[in-house]
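> Please work from the sequences and hints to get the whole structure.
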Amino acid sequence: MRIAVFMKQVPAYSQGNMDEKTGVIIRTGLPSIVNVYDLAALETALRIKEKIGGEVVVFTMGPDKAEDVIRDAFAMGADDGYLICDRAFAGADVLATSYTLTQALKSTGNFDIILCGKQTTDGDTAQVSGAVAKWMNIPHMNWINELLEITERDIQVKCQLDGRLSVIQAAYPCLLSVEKSIFTPRMPSLKLKMASRKKEIKRITLENLSDKDENNYGLKGSATRVRKIFPPERTAKRDVVTKDGKEASQYILKILNNLDTCEEGE
78 MRIAVFMKQV PAYSQGNMDE KTGVIIRTGL PSIVNVYDLA ALETALRIKE
128 KIGGEVVVFT MGPDKAEDVI RDAFAMGADD GYLICDRAFA GADVLATSYT
178 LTQALKSTGN FDIILCGKQT TDGDTAQVSG AVAKWMNIPH MNWINELLEI
228 TERDIQVKCQ LDGRLSVIQA AYPCLLSVEK SIFTPRMPSL KLKMASRKKE
278 IKRITLENLS DKDENNYGLK GSATRVRKIF PPERTAKRDV VTKDGKEASQ
328 YILKILNNLD TCEEGE
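So for the sequence shown, the numbering used here puts the first residue at 78; every next one is plus one.
Calculated from the structure, these hints are not laboratory results.
Computed from a prediction, not measured in an experiment: that's the story for all the values here.
Warning: the hint list may mix true and false statements.
As a list, the in silico DSS-like pairs of lysine-lysine whose alpha-carbon atoms are at most 30 Å apart [to be verified]:
1. LYS320 / LYS331
2. LYS289 / LYS257
3. LYS331 / LYS183
4. LYS305 / LYS183
5. LYS142 / LYS276
6. LYS183 / LYS235
7. LYS211 / LYS320
8. LYS183 / LYS323
9. LYS305 / LYS320
10. LYS279 / LYS297
11. LYS183 / LYS320
Here you go:
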């Protein structure tokens, strides 16, 4: 059983500027963390491995500092890790990102299960997993919040979508996209954390892929561009009024009456 897990390094908070020319978030100088949904995906992979055996292989796409994601995964129990890193991959949208991940997977052999978080906290599209499954031409189960049954041939899961619970079963190979609530990620082992410093992180560049056409990757291979990123306008205001007793209650009643009038007007 080979299990692949996609993980991503994301900004620790949502503040950041955008490159007006490329429409890409400028991440330089921003503290980074592992995407919380992907930590849940890794925990899911490790639990599957504990139940039926196998190998857990982590993939992350990003600059050199994204190696930290793989080191953290090693400390939790991952067996192998690949950093997908090349200037040609920079600025990719969902289409180009999913194609790059698919090419990277294929360059390292076959996998029975591919796991990823439902979404990332920086992009929030929740579309990459489905796109990878389409490129791979394999079943895709999304928004999974519970594993029900795991065998050496297939897997049964519970998903929640649009207020409905669904029980779905699929044979391998398949791709699973999980909610962050599916499992609480385990704490890294001190022993594994020490060992992770010496473990080799393998690199995948454009030259390692079967498709070496730069036009299919990064900004060149993207079908969309981000035109603008901006914080929502703050319309709420606060008034501090000092009144006593009856006068205060009349003031509050007046505000409530005005709210009712506004709602009727809409």
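> Against each hint, give a clear statement of whether it holds in the structure.
Now the hints, each set against the structure:
Between LYS320 and LYS331 the alpha-carbon distance is near 14 Å, which keeps this suggested pair within the 30 Å criterion. Taking the CA atoms of LYS289 and LYS257, the gap is near 35 Å; set against the 30 Å cutoff, the hint is violated. A hinted pair counts as satisfied when its Cα atoms are at most 30 Å apart, and LYS331 with LYS183 does not qualify at roughly 66 Å. With a C-alpha separation of about 34 Å, the suggested pair LYS305 and LYS183 falls outside the 30 Å cut-off, and the hint is violated.
At most 30 Å may separate the alpha-carbon atoms for a hinted pair to count; LYS142 and LYS276 meet this at roughly 16 Å. With a C-alpha separation of about 28 Å, the suggested pairing of LYS183 with LYS235 holds against the 30 Å cut-off. Restraint check: the Cα-Cα separation between LYS211 and LYS320 comes to about 64 Å, which exceeds 30 Å; the hinted pair is violated. Distance check on the hinted pair: LYS183 and LYS323 sit about 74 Å apart at the alpha-carbon level, beyond 30 Å; violated.
For the given pair, LYS305 sits about 45 Å from LYS320 by alpha-carbon distance, which is inconsistent with the 30 Å threshold. With a C-alpha separation of about 25 Å, the suggested pairing of LYS279 with LYS297 holds against the 30 Å cut-off. For a cut-off of 30 Å, the pair hint linking LYS183 to LYS320 is broken: about 71 Å separates their Cα positions.
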